[in-house]
Amino acid sequence: MSNRVFISGMGVVSPAGWGVEPFRLARTAGQPLLRQELTGVPGRPGYLVFRVPPLSPRPAYLSHARLRRSSLVSQFAVGAAFEALGDDRTRIQQGELRLGVIAAVMSGGVNYSRRFYQEVLIQPSTASPLLFPETVFNAPASHLAAVLGCTGRNYTLVGDQSAFGEGLALAADWLSQGLVDRCLVVGAEESDWLTAEAANLFDLGPTSEGAGALCLSPEPQPIELTGITSPIPYVTGTPTHSNLPEIPADDPTVSLAALRPVLGEGFAAAGAWSCVAAIQDAADQPGRTVWAQLHGSNHQAIGVGFRSVPSTRPSR
Amino acid sequence: MLFPRPPHSGSPRRVLVTGAGIITALGRGWTEHAEGFRQGRRAFRPVRSFPVSGQRATLAGELDLPPHLPPSHLSPRDEARLDRAARMLLWAAHEAWTQAGWTPDDQPLPLVLGTTSGGMSLGEAFLRQACLPQPNRRGQATRVVHYQAQHQALDLMKAFQFHGPTTIIANACASGANAVGHAFELIRHGYADRVLVGGYDALSQLVFAGFDSLQALSTTHCRPFAADRDGLALGEGAAVLCLEADSFARSRDAERLGEITGYGVATDVHHLTQPQPDGLAALATMTAACAQAGITPEQVGYVNAHGTGTPLNDRAEAAAINQWAGDWAPHLPVSSTKASIGHLLGAAGAVEVVVCLQALRGQWLPPEIGLDHPDPLCRFPLVTQPQDQAFTHALTNSFGFGGANASLVLRR
Chain L
33 MSNRVFISGM GVVSPAGWGV EPFRLARTAG QPLLRQELTG VPGRPGYLVF RVPPLSPRPA
93 YLSHARLRRS SLVSQFAVGA AFEALGDDRT RIQQGELRLG VIAAVMSGGV NYSRRFYQEV
153 LIQPSTASPL LFPETVFNAP ASHLAAVLGC TGRNYTLVGD QSAFGEGLAL AADWLSQGLV
213 DRCLVVGAEE SDWLTAEAAN LFDLGPTSEG AGALCLSPEP QPIELTGITS PIPYVTGTPT
273 HSNLPEIPAD DPTVSLAALR PVLGEGFAAA GAWSCVAAIQ DAADQPGRTV WAQLHGSNHQ
333 AIGVGFRSVP STRPSR
Chain S
-13 MLFPRPPHSG SPRRVLVTGA GIITALGRGW TEHAEGFRQG RRAFRPVRSF PVSGQRATLA
47 GELDLPPHLP PSHLSPRDEA RLDRAARMLL WAAHEAWTQA GWTPDDQPLP LVLGTTSGGM
107 SLGEAFLRQA CLPQPNRRGQ ATRVVHYQAQ HQALDLMKAF QFHGPTTIIA NACASGANAV
167 GHAFELIRHG YADRVLVGGY DALSQLVFAG FDSLQALSTT HCRPFAADRD GLALGEGAAV
227 LCLEADSFAR SRDAERLGEI TGYGVATDVH HLTQPQPDGL AALATMTAAC AQAGITPEQV
287 GYVNAHGTGT PLNDRAEAAA INQWAGDWAP HLPVSSTKAS IGHLLGAAGA VEVVVCLQAL
347 RGQWLPPEIG LDHPDPLCRF PLVTQPQDQA FTHALTNSFG FGGANASLVL RR
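Residue numbers (this note's numbering), protein chains in the order written: chain L, 33 to 348; chain S, -13 to 398.
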């Protein structure tokens, strides 16, 4: 089994819109997107956060029974995943390809969690049983598997922005072990007043929401995953912001900080967006590895490298 | 580099358990648990950690945390910030680490943890304080940071002075089993010589109220696989394992507590919270785990069932065990230790691996005392009395919300 891993597709849901192209345009423009105010406690000022614009017309897949009452984080995850899967989705649903699913989240279904707990605090006996199941971290990955009919491997990883990089490493392991034919890695988050309140304590700037997804394949594609660095955990409590030692000094990089002014702080989704941005940069520099440096906010730093491979078929 | 991995040649490596730590409502440590599980002791009481008076159920496997923490490299300031879940994790890790005889060194040591809630009690406290009419930010930053599971991982690294890649798996109630399975695969495929792995979860008001809202909690007492079962009981605790490649453990003459030989994982896409009635995903994981272990159901001497005590879970799991074991089912002892300590959610899979290791080493089966009327769906014998048994292989099941299913096979 070859140890090489390629990117067969990518998807983005972000405050710029639903799709990789709006993300690219927003990144190129470099201007902060519109923000909306979220309020939590009556009489107190709210927080300005970046929101994903509603999708119009609403695509058919969001009418799936599993998504009807799902939280936004699940819908974002599915939206990004479907874009990343592209034509492979049909082959997966027909059982021709075994798909692994890995989701990375930091806050996960925070909106339903906050609402459910507030109901508990008022009167636990009337807290809604419709909300509680959506509070589990693996709800987005579960819904995604259900919509695709995938009964194979499905993990949800919890962490900061670096969790998306961990997910890519795990996906590469599953591919190299022959456990799956494709592996989808999704980073997703949703906005909530509670998250904004927490982020405000750390001067992280306006929070954001959305998802990013990469589909990994062992079959040659125009973009190759070239490396994932050893993570540097913040055991001493001090996040590092220096270049990661395993990244060659001359290689171009994309940082989380570069996207933040345009898209806000998207936590696990931002880890995914940075990788998509690195892929877009790599496509413009054939033969060079471009690294997404995921200096997470409170866990670890990890680097993910991508390279454009000139001799493969055109990208979708 | 996490990728590309150095090429590993040769056959998959054997994975030994050389340290195990456990803390639950039954007590603290290997010996106390071995005695408790062997006798089928039950450890439930009215919940004291948070108010439950407005709910259908009031009992849980709640533990009394020791007033102090085990010795570690955490400062008093660090220790003061640990929530209940982190303290449980630290106790279990200390026992495992000490038992394995590990010492800090410069080599990266992967850490794999399974949890559903991390430091949820801190998250709850954050929300309660954030919603006060007059904002009070005192302590809020600490609550945000320590609520998150990645911080509990960092605390462990600091406590035992190691570093390495961390993987935190949140696959609902299969998290602990998935964590052990992932650690098993890291060693088996040559990605690491040793891995520290565990599962942990503390009782929290949100989760307790959540299961209560679903009417999944027993209002009497939890009795998995009973014909008249009426729900699960929640519990809390942690279990941590030191896993090593066989060659690595032998090179340092480490004592082996047992061996992990098989791991199966599948996703049930039937419903977010309900299993497919025939237990097809469970059947797939048991079949895959045994295939990897190179054994047949006839060679399995004991199944530690997921066995939550809810009508739907136990029916689906019974169907899966019946089909998987086939003609061997009437000879296959099965029990659920959730009857003793409750459902530990993200900790359950790791805790139940420790139970299986204890049973394999002691050659006994953990009973469900007081199970008088087994569900006739169960074609397999349920262990209802303390029982000695010679056996070599055990299988443990873990299933969770979202359709997360995992099975592990252990060898004596």
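Take the hints with a grain of salt, since some may be wrong.
Partial selection, computed: residues in chain L whose CB lies under 7 Å from chain S [what the hints assert, rightly or not]:
hint: 1; residue: Phe38
hint: 2; residue: Pro77
hint: 3; residue: Leu80
hint: 4; residue: Arg83
hint: 5; residue: Asn170
hint: 6; residue: Ala177
hint: 7; residue: Ala178
hint: 8; residue: Pro252
hint: 9; residue: Gln253
To list a few chain L residues with every Cβ distance to chain S over 12 Å, as calculated [stated by the list, open to error]:
hint: 10; residue: Leu65
hint: 11; residue: Pro91
hint: 12; residue: Pro161
hint: 13; residue: Gly181
Some, not all, of what chain S presents toward chain L, calculated at C-beta under 7 Å [what the hints assert, rightly or not]:
hint: 14; residue: Leu60
hint: 15; residue: Leu113
hint: 16; residue: Cys117
hint: 17; residue: Ala127
hint: 18; residue: Pro362
hint: 19; residue: Leu363
None of these hints come from the bench; they were simulated from the model. This one's a predicted model, so the numbers in the text were calculated from it and none came from an experiment. Every residue, glycine too, gets a C-beta built ideally from N, C-alpha and C.
For each hint, the structure was consulted:
For Phe38/L, the suggested interface contact is broken, since its CB lies about 12 Å from the closest CB of chain S, more than 7 Å. For Pro77/L, the suggested interface contact is broken, since its CB lies about 10 Å from the closest CB of chain S, more than 7 Å. A distance limit of 7 Å between C-beta atoms decides the matter here; for Leu80/L the minimum to chain S is near 17 Å, and the interface restraint is violated. For Arg83/L, the suggested interface contact is broken, since its CB lies about 20 Å from the closest CB of chain S, more than 7 Å.
For Asn170/L, the interface hint holds, the least distance from its beta-carbon to any beta-carbon of chain S being 4 Å, beneath 7 Å. A hinted interface residue such as Ala177/L counts as satisfied when its beta carbon comes closer than 7 Å to some beta carbon of chain S; here the least separation is about 5 Å, so the hint holds. Hint status for Ala178/L: holds, given a least beta-carbon distance of 4 Å to chain S, under 7 Å. For Pro252/L, the suggested interface contact is broken, since its CB lies about 16 Å from the closest CB of chain S, more than 7 Å.
At about 16 Å, the closest approach between the beta carbon of Gln253/L and any beta carbon in chain S exceeds 7 Å, and the interface hint on this residue is violated. Even its closest Cβ contact with chain S, about 25 Å, leaves Leu65/L beyond 12 Å, as expected for a residue assigned away from the interface. No Cβ of chain S comes within 12 Å of the Cβ of Pro91/L; the nearest lies about 20 Å off, and the non-interface call holds. Residue placement check: Pro161/L does not keep its beta carbon more than 12 Å from all beta carbons of chain S (closest about 4 Å).
Consistency note on Gly181/L: stated as away from chain S, yet its beta-carbon is not over 12 Å from all of that chain's, at 6 Å minimum. A least Cβ separation of about 11 Å between Leu60/S and chain L goes past the 7 Å threshold, and the interface hint is therefore violated. The closest approach between the C-beta of Leu113/S and any C-beta of chain L is roughly 6 Å, which is under the 7 Å cut-off, so the hint is satisfied. Because the beta carbon of Cys117/S sits about 6 Å from the nearest beta carbon in chain L, less than 7 Å, this interface hint is met.
The criterion of a C-beta within 7 Å of any C-beta in chain L is met by Ala127/S, whose closest approach is roughly 5 Å, and the hint holds. For the restraint placing Pro362/S at the interface with chain L, the shortest Cβ-Cβ distance is roughly 29 Å, beyond the 7 Å limit, so the hint is violated. Look at Leu363/S: its Cβ only gets to about 23 Å from chain L, farther than 7 Å, so that hint breaks.
Hint check: violations occur at hints 1, 2, 3, 4, 8, 9, 12, 13, 14, 18 and 19; the rest are consistent with the structure.
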